[in-house]
Every structure is written in C-alpha cells, then in structure tokens.
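*Asks:* Quick note: the sequence shown uses the numbering used here, first residue 42, plus one each step.
Since the hints were made in silico from the structure, they are not lab data. Everything numeric in this text was worked out from a predicted model, so none of it was measured. Built from N, CA and C at the ideal position, the CB exists for glycine as well. Some hints here could point you the wrong way.
[Stated by the list, open to error] Mimicking SDA-like on lysine to any residue, the simulated pairs with C-alpha atoms at most 25 Å apart in a straight line are:
hint: 1; residue 1: Lys256; residue 2: Gly78
hint: 2; residue 1: Lys256; residue 2: Ile270
hint: 3; residue 1: Lys285; residue 2: Thr206
hint: 4; residue 1: Lys285; residue 2: Arg218
hint: 5; residue 1: Lys256; residue 2: Tyr208
hint: 6; residue 1: Lys256; residue 2: Gly229
hint: 7; residue 1: Lys256; residue 2: Arg240
hint: 8; residue 1: Lys246; residue 2: Thr283
hint: 9; residue 1: Lys246; residue 2: Thr206
hint: 10; residue 1: Lys256; residue 2: Glu273
hint: 11; residue 1: Lys246; residue 2: Glu258
hint: 12; residue 1: Lys256; residue 2: Glu221
hint: 13; residue 1: Lys285; residue 2: Ser272
hint: 14; residue 1: Lys246; residue 2: Gln286
hint: 15; residue 1: Lys285; residue 2: Gly230
hint: 16; residue 1: Lys285; residue 2: Gly220
hint: 17; residue 1: Lys246; residue 2: Thr275
hint: 18; residue 1: Lys256; residue 2: Leu282
hint: 19; residue 1: Lys246; residue 2: His213
hint: 20; residue 1: Lys246; residue 2: Pro189
hint: 21; residue 1: Lys285; residue 2: Ile270
hint: 22; residue 1: Lys256; residue 2: Thr206
hint: 23; residue 1: Lys285; residue 2: Val252
hint: 24; residue 1: Lys246; residue 2: Gly296
hint: 25; residue 1: Lys246; residue 2: Ala271
hint: 26; residue 1: Lys256; residue 2: Asp196
hint: 27; residue 1: Lys285; residue 2: Asp267
hint: 28; residue 1: Lys246; residue 2: Thr195
hint: 29; residue 1: Lys246; residue 2: Ala276
hint: 30; residue 1: Lys256; residue 2: Asp267
[To be verified] The following label-pair restraints were derived from C-beta to C-beta distances:
hint: 31; residue 1: Pro67; residue 2: Met42; range: 20 to 26 Å
hint: 32; residue 1: Gly243; residue 2: Val155; range: 42 to 48 Å
hint: 33; residue 1: Pro187; residue 2: Pro67; range: 17 to 23 Å
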Amino acid sequence: MVRAAVLPAVGAPLEITDIELPDPGPGQVRVRLAAAGVCHSDLSLSDGTMRVPVPAVLGHEGAGTVVAVGEGVTGVAPGDGVILNWAPSCGRCHACSLGEVWLCGNALNGAADVYARTADGTDLHPGLNVAAFAEETVVSASCVLPLPDGIPLTDAALLGCAVLTGYGAVHHSARVREGETVAVYGVGGVGLATLQAARIAGASKIVAVDVSPGKEELARAAGATDYVIASENTAREIRGLTGKQGVDVAVECVGRA
Numbered sequence: 042m043v044r045a046a047v048l049p050a051v052g053a054p055l056e057i058t059d060i061e062l063p064d065p066g067p068g069q070v071r072v073r074l075a076a077a078g079v080c081h082s083d084l085s086l087s088d089g090t091m092r093v094p095v096p097a098v099l100g101h102e103g104a105g106t107v108v109a110v111g112e113g114v115t116g117v118a119p120g121d122g123v124i125l126n127w128a129p130s131c132g133r134c135h136a137c138s139l140g141e142v143w144l145c146g147n148a149l150n151g152a153a154d155v156y157a158r159t160a161d162g163t164d165l166h167p168g169l170n171v172a173a174f175a176e177e178t179v180v181s182a183s184c185v186l187p188l189p190d191g192i193p194l195t196d197a198a199l200l201g202c203a204v205l206t207g208y209g210a211v212h213h214s215a216r217v218r219e220g221e222t223v224a225v226y227g228v229g230g231v232g233l234a235t236l237q238a239a240r241i242a243g244a245s246k247i248v249a250v251d252v253s254p255g256k257e258e259l260a261r262a263a264g265a266t267d268y269v270i271a272s273e274n275t276a277r278e279i280r281g282l283t284g285k286q287g288v289d290v291a292v293e294c295v296g297r298a
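Construct the entire structure; sequences and hints are all you get.
*Replies:* Take a look at the structure:
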C-alpha cells in the first residue's frame, strides 16, 4: 500500500488514503515520487472544467526514482531518476506522422485506464496518465524520461508540464528565430519558462507583461529585457519599446484572454 491524494468525485475535496498498486506489467515502470507540482489543470480536473474518469489520482508534474520495471522496458532501470511525461506521443496518429508530436491525438488515452485500487477495492484512474499525487505510481514506459545526473528531483518535477509548455510554445508553436521580438503575457510558472525559452532562442527583445509589479525581478532574471504592467495602454507601451513595430511573437501564458 502507498498513500495517495484521491479525487473521489468531481467537485469533491481530495482524500488522502491508502491505495494498492500492481507490480509493473510489460512496458510499465513503477516510480517513487520525490516531488510533484500543483498545476491549474489539476484544479480544472477536480472542478469538472476538464473531464477525466473518477475516482482518480491527479497530479501530472512529477519526478522520482524508478523502483521496478516490467518486461520489455529497456530505457530505464531501478534507481534511475526520471521525470513523468503526462502526454506521451503515440507515433501513429496524423499529428505524429507530421512530426507534430505535441499535438498527438492519443496522448491522453490512458486516463480511462484502471491503474490502482483503494483498500476497499474501488477502481482508480490515473488522471492525466501519471497520477503524481501519490508516494508511488505505475505508468507506461513512454511516460518516463531519464534525468541526467546532478539535477535535483525537486527541481525536475516542473519539467513535466510548466517548463515544457513554455518551451514548446516558443520552439515548436511559434518557432521563434534569433533576432525576433517576443511578448510574454503572464509571469507565472509557464510564463517564466517561456521567457527563458525566448532567451535561449536568441530573441532580441523580450517584453514580459503582468498585472503585478512584484514579478519584474523574476521576469528579468528569466530573460525579459523589458517589463510592462498590464493596463489598457499595454499595446501602446509595447509599440513604444519596439520602434512602433510591435512584436513578432506574442505568447499568452495567463490561461484566459
């Protein structure tokens, strides 16, 4: 038995309870979690804004250590540090055939699976595939990525969602090129990752926009060259910072427009 935070029903509070995990089957990996991030998507799942089968164990940003592997698993071994990948690409759908694996149409198919049971035998689903709000989890081998030595697991947990969301927006969706200008709206976890990705891409001007003056230091440390307090004059201010040209790329990281 391991402890987990179970969502018993949509709109209900999470319940900390014992659950029974099976041994990893063929192509599966058991991971002991060291850290799990809390993402707004978890709230959206718990309140029904996004739908997954319940009862479920939520949590999709996680990192930990491999405990055991099932038959046929070759990419990781017990003792390896890994991050959890909640949206693995299938390699077979139309988007994957085009190389756009981040748009995989089958990435969340595992959410309907029964992956564990409560002590009284109730079936549990894995939320967004990886069920990171638990001491341990069992996932498909496609849902784990080995970590290089030296990266703390507590830091690596955010790589599973927030960091890759920002990175993907810059490098896959917008395909920011060296010398382009970028505006990033919202300096939360995804926004900070987007700022860093824009800096890595070589953007010449990176404008961070947020309602909070207190986030400027964080934004500049992440790569922002300029900081604008969001207001009805935001567009005018950005044009003023860019020679009246505006920016080449704008990334919305607030979650609402």
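*Asks:* Output the indices of the hints that this structure fails to meet, ascending.
*Replies:* 3, 15, 20 and 28
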